[in-house]
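Chains as they are written, first to last, in this note's numbering: chain A, 1 to 309; chain B, 1 to 330; chain C, 1 to 559.
What the hints contain is simulated information worked out from the structure, not anything from laboratory work.
Keep in mind that this is a model prediction, so the values were computed, not measured.
Among these hints, one or two may not hold up.
Computed, partial: chain B to chain A, Cβ under 10 Å [claimed, not checked]:
| no. | residue |
| --- | --- |
| 1 | Ala18 |
| 2 | Glu96 |
| 3 | Ala100 |
| 4 | Leu102 |
| 5 | Ser142 |
| 6 | Leu156 |
| 7 | Leu213 |
| 8 | Ile286 |
Here a beta-carbon is modelled for each residue, glycine too, at the ideal position from N, C-alpha and C.
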Amino acid sequence: MAEYRILPPRSEKLLAGLFITGGIVLFAVVAPFLVQDPRFSGNDAFLPPSADHLLGTTKLGYDVLAQLAHGARGSLLVGLAAAAIAIALSLIFGIFAGYAGGWTDEVLTMVTNIMLVIPGLPLVMVIAVYAQSRSLWLVAFILGITGWAGSAVVLRSQARSLRSRDYVEASQVAGERTWRILLVEILPNLLPLLAAQFLFAVVFAILGEAGLSFIGLGPNGSITWGTMITEAYGGNAMSAGAWWWFVPPGLLIAVFGAGLSLVNFSIDEVVNPKLRVVAETGDRRRAPEAAAPAAAPVQPAEPKAEVTA
Amino acid sequence: MRYYLRRAAFYAITVWAAISLNFLIPRLMPGDPADIMLAKMARSGEVAPGVERTIRLLLGSDTNQTPWEQYVAYWGSLLRGDLGVSVTKFPTPVTELISAALPWSIGLLGLATVISFVLGIAAGAWIGWRRGTWVDHIIPGSTLLQSLPYFWVALLLVYGFAVVNPWFPRIGGYDVFTFDGPEATAEFVGSVIYHGVLPALTVVLSSFGGWLLGMRNMMVSTLSEDYITTAEAKGLRRSRILIGYAVRNAALPSIAGFGISLAFVVTGAIVMEQVFTYPGLGKLMITAVQGNDFALMQGLFLVITLTVLAATFLMDIVYGFVDPRTRLNG
Amino acid sequence: MTRPRARRGMLLAAALTTVTLLAAGCSGPAESDEGPVDTTLNVWAGSQTPITANFNPYAPTVLHGALGPVYETLFFYNKAGGGDPVPMLGESFAWNEDGTVLTITIREGVQWSDGEDFTVDDVIYSLTNEVGRSANLVSAEASDDTTVVVTYDSPQFTNEAAILGGAWMLPEHVWAEKSVEEATTWANEAPVGTGPYTVDTVSEASYTLVANENYWQEGKPAVAKVRYLGIDANASAEDLLKSGDLDWTGMFVPDPEGVAAAGGPTGYVNTPQDPTVLYTCANADLGCKGPQTDVAVRQAINIAIDRGTINDKAFVGLAAPISPTYALLGRDDQWIAPDVEKESPQSGDPEAAAAILEEAGYTLGADGVYEKDGVKVELTLTSVEGWTDYNDAAKLIAEQVAAAGIKVTASTATWQEFSDSRQSGNFQLIMGGIIGTAVADPFQIYRDWFSGEYTQPVDTQLEAGEWNFTRYSNPVVDAAVAQAAAASDEQTKMDAYAEIQHEITRDLPYIPLVINATQTFYNDTEFTGWPTDEDLYAFPPSWGSVSAGFILANLEPVE
């Protein structure tokens with residue numbers, strides 16, 4: 001099974017994606033040690049970018065680069081934690097349901113479908129208000145438990161198709177335990193798909209956090225890209241002409257999202273070899289085990305409309 | 001038959017769950033609405049004694065009803081079409097607020113979503129069709145669009161095209177400085193369209209990338225199907241293959257997604273409406289949550305959930321016709 | 001004002017398809033063409049969309065247009081500049097010796113906007129109806145056609161402004177039928193008032209008022225139409241102000257000079273009124289918990305704070321210095337005792353703060369934070385999310401007091417959390433406001449915010465009218481407040497105030513920060529008659545209750 005999962009050769013998209021994503025992750029990990037205290041107000045306010053402050057300063061005199069570095073850390077933590085929770089849930093509700101079938105499937109699928117139709121952002125808003133003081137982790141948790149339904153649907157249909165494969169049936173006949181079949185036979189085949197879903201969930205959560213922050217329901221006291229945009233907006237950065245405060249956090253979110261999408265693209269090409277495009281249009285290689293079209297992992301845009309609003 | 005029964009059960013249970021959740025969530029919200037309202041009014045410095053008593057009367061929290069009685073009463077009034085009275089916009093009935101906001105949300109966001117979808121699908125189909133050529137370089141750009149935060153885009157557009165270059169209006173669904181309210185004149189309609197440009201552009205810009213990528217992938221994968229090869233072997237015209245075979249099949253999953261996303265239009269681009277002071281449902285939602293306006297919140301939840309369900313239902317029917325396999329896969 | 005927009009709309013309707021091109025093309029200068037001068041005044045008073053018609057002054061969701069422009073009071077008290085009350089629907093009033101009987105003479109010849117005469121019955125209804133009546137009221141009776149005698153069960157000198165300048169005069173012939181329930185929940189969509197304006201139209205985005213033809217002040221109002229807008233975000237309002245679309249608003253703008261520079265209205269006045277403070281849950285006896293229950297910690301924070309920097313950075317230099325006595329500097333100076341600190345220090349003194357803590361038995365821990373009996377001086381300072389000036393000030397305070405060995409964590413909260421915690425007393429420090437008094441006298445602050453009778457134990461919600469969030473309770477203050485309430489001569493009152501001021505400047509249940517800016521922007525090129533720094537005849541912001549109507553009646557369009 002392992003051979004076809006080898007990454008396609010010479011993928012510029014993958015390289016670009018890895019470069020962007022890696023760069024930003026590195027920035028989040030390393031930069032906070034190299035910059036000023038992001039809450040040091042001793043600098044002058046609204047300084048434009050200069051040698052001392054590469055990205056200028058905010059209304060309170062905070063160094064924007066320092067805020068951006070710590071914000072990267074905050075946003076990525078929210079994204080990763082929320083995505084981990086969402087993926088764990090979608091594994092249960094997707095793969096387990098898809099494999100188990102019968103009543104278990106019916107019930108779990110029902111839950112998934114209900115989660116899918118109940119409006120996400122309002123639910124998040126209500127939960128966020130209910131939580132008296134919101135840490136970064138709590139916000140991640142809220143975004144995680146409300147953001148799994150989409151990938152559960154995708155994973156379930158994939159798991160169902162795998163269930164009827166010969167080698168799975170063979171294991172069943174051989175009397176292997178359900179959990180073993182799930183972990184050893186099914187899961188590895190879903191890994192690329194899971195990875196893709198995970199990366200989407202990360203972007204989704206980062207955008208969700210930004211949206212929540214903007215309406216005043218973000219994490220208290222933490223610095224994230226979302227809280228930076230919100231503070232810049234509240235601090236009238238745009239009318240003061242301080243684009244260096246307002247533009248970078250939003251741009252970083254978009255660039256990071258783009259980086260992950262590019263990585264995703266390459267993963268998709270692994271999952272679904274039909275997507276591998278070779279420069280010669282006529283040559284359409286077909287993989288022996290093509291995924292069903294309905295399982296194409298690139299999600300339609302609607303989850304975003306729902307959460308970032 | 002079993003398929004339809006199962007779907008029917010699904011809709012029934014979902015409606016019940018959604019409505020019960022609607023009932024439950026606001027009651028779990030912390031805080032005494034009366035105090036919150038007082039605190040807000042005190043921020044602007046004036047709270048007359050009469051007003052204070054009124055607030056207590058209106059928002060007195062203890063109703064002496066058990067939760068079960070409240071739940072039953074809730075269902076009762078729901079079935080009568082009574083969604084209660086908004087507290088933050090007292091004494092306007094919730095139904096009135098929602099029905100006033102609904103046309104704006106559907107008009108603006110519905111249209112923007114359709115535009116974004118059509119553009120995305122068309123561009124995606126084209127890029128997929130011409131895969132392997134220079135057009136592939138458009139892909140990285142569209143991934144960037146895909147992850148733009150809505151409100152950030154909205155604010156940049158406002159700054160660029162309403163503040164620095166005052167080409168477009170800053171706020172409102174129509175020119176509030178000229179019209180004292182909606183009216184049926186050509187001028188008014190013009191004003192509405194003019195005011196919708198920036199909000200619509202926000203939606204299109206930040207959602208079109210997703211459609212494009214999804215469609216492109218489906219297109220590429222459809223083009224390697226046997227029937228395409230067969231069609232080519234038969235010597236059919238390229239345009240016939242493109243439209244009649246590839247696009248038609250590739251667009252199927254996107255159309256399913258479109259149904260859902262159209263339904264989510266009602267949730268509105270919540271934050272975007274705030275930026276433009278656009279009179280849609282999203283703005284109402286923020287008002288409701290921030291003001292602990294239970295009735296309004298429940299009403300909005302209900303409308304949104306029912307719309308999404310209706311869209312899903314529609315898609316179910318369409319799919320049942322188009323693709324008989326769905327009926328088996330559930 | 002509205003001309004260019006109207007043209008834009010028309011052109012647009014003509015060629016809908018080329019929206020973008022067209023918009024670019026018609027943003028040029030306005031054409032001064034045919035038609036009368038448009039004298040609509042565009043106002044933002046803080047309303048958000050959707051606007052729903054509610055002109056019931058007893059309703060919490062009442063629109064600003066009702067309060068002053070439509071309904072009036074007996075007298076007008078100038079919150080901004082002090083001075084004698086201006087007769088409105090009342091002509092004169094007199095108190096008896098002990099302040100329990102108030103005799104009011106009303107203006108003759110005033111008509112309601114539906115043509116009925118304004119009479120003593122209306123005054124009596126307005127003062128005695130179940131919703132609006134004062135808890136201390138015994139009776140209100142007409143002694144003749146123009147005189148009302150109102151009796152109270154206790155001295156009411158200190159409530160004079162609330163009664164005469166705060167009670168709305170409502171038409172008895174419209175309201176008398178209403179039950180309590182109706183009187184509070186009725187939306188009163190077509191209000192009958194005595195004020196300079198009547199309601200014309202209401203839509204979800206705006207509402208308009210038009211001049212009351214029968215207004216009792218001859219020749220007023222001169223501005224024919226006033227439009228109140230709903231705007232959802234401050235930033236949007238600021239953009240509209242700068243583009244000249246708004247003619248009058250009271251809102252916080254960090255760079256007031258920038259408004260006129262960008263083409264907005266040139267009239268500007270800043271009238272700082274409301275104290276911004278740190279609420280501390282101060283009273284351990286009533287259940288407060290945390291280091292701030294020790295007066296030494298409060299004193300240390302008080303002098304460690306660098307108010308100058310806070311004003312410069314968080315309030316962009318627009319706030320005014322505060323007096324720890326809560327008398328408004330400049331207006332209420334005569335009420336400040338000579339031997340108390342008149343003004344809170346502008347610069348921080350961390351060493352002195354540390355000295356106070358050491359004297360009180362605190363020792364500096366290895367982490368640079370003072371501690372006593374194993375408890376560190378660590379506090380959480382909460383401010384409402386989105387009030388950027390408060391959020392910023394909180395962050396600065398956290399940074400400043402750290403130098404004095406006090407660890408403050410600045411955190412933000414939603415409305416709900418903010419309101420909940422201050423009502424129940426479950427907080428350590430909150431960035432908050434004190435409502436400034438409507439007259440040149442700090443009494444109301446002393447009674448409502450400092451006295452032990454206006455508070456509740458922690459975990460018990462404060463009742464209506466109680467504002468003492470700190471749970472501060474001091475018998476000396478309570479006795480002095482009672483003494484001041486009954487005082488009919490100024491010396492007795494001053495003695496009582498001196499006593500209160502000594503106690504509260506030492507105990508600091510509220511730690512004073514600044515007097516927050518109240519900015520007002522107005523279009524003085526197209527309209528004249530605004531309150532200015534030289535002639536502050538009324539509290540200027542557009543959201544000011546009573547005063548907004550007073551100002552509107554005074555405005556005149558420039559021909």
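Okay, the hints, checked on the actual structure:
For Ala18(B), the interface hint holds, the least distance from its beta-carbon to any beta-carbon of chain A being 6 Å, beneath 10 Å. Here the hint on Glu96(B) is broken, as its CB sits about 20 Å from the closest CB of chain A, past 10 Å. Using the Cβ-Cβ criterion of 10 Å, the hint placing Ala100(B) at the interface with chain A is not satisfied: the shortest such distance is roughly 19 Å. The beta carbon of Leu102(B) is not positioned within 10 Å of any beta carbon in chain A (closest approach about 15 Å), and the interface hint is therefore violated.
The beta carbon of Ser142(B) is positioned within 10 Å of a beta carbon in chain A (closest approach about 9 Å), and the interface hint is therefore held. Interface restraint check: Leu156(B) against chain A, minimum CB-CB distance 8 Å, threshold 10 Å, status holds. Interface hint status for Leu213(B): upheld, as the beta-carbon distance to the closest one in chain A is roughly 5 Å, under 10 Å. The interface hint given for Ile286(B) is met, as the beta carbon of that residue sits about 6 Å from the closest beta carbon of chain A, less than 10 Å.
When each numbered hint is compared with the structure, violations occur for hints 2, 3 and 4.
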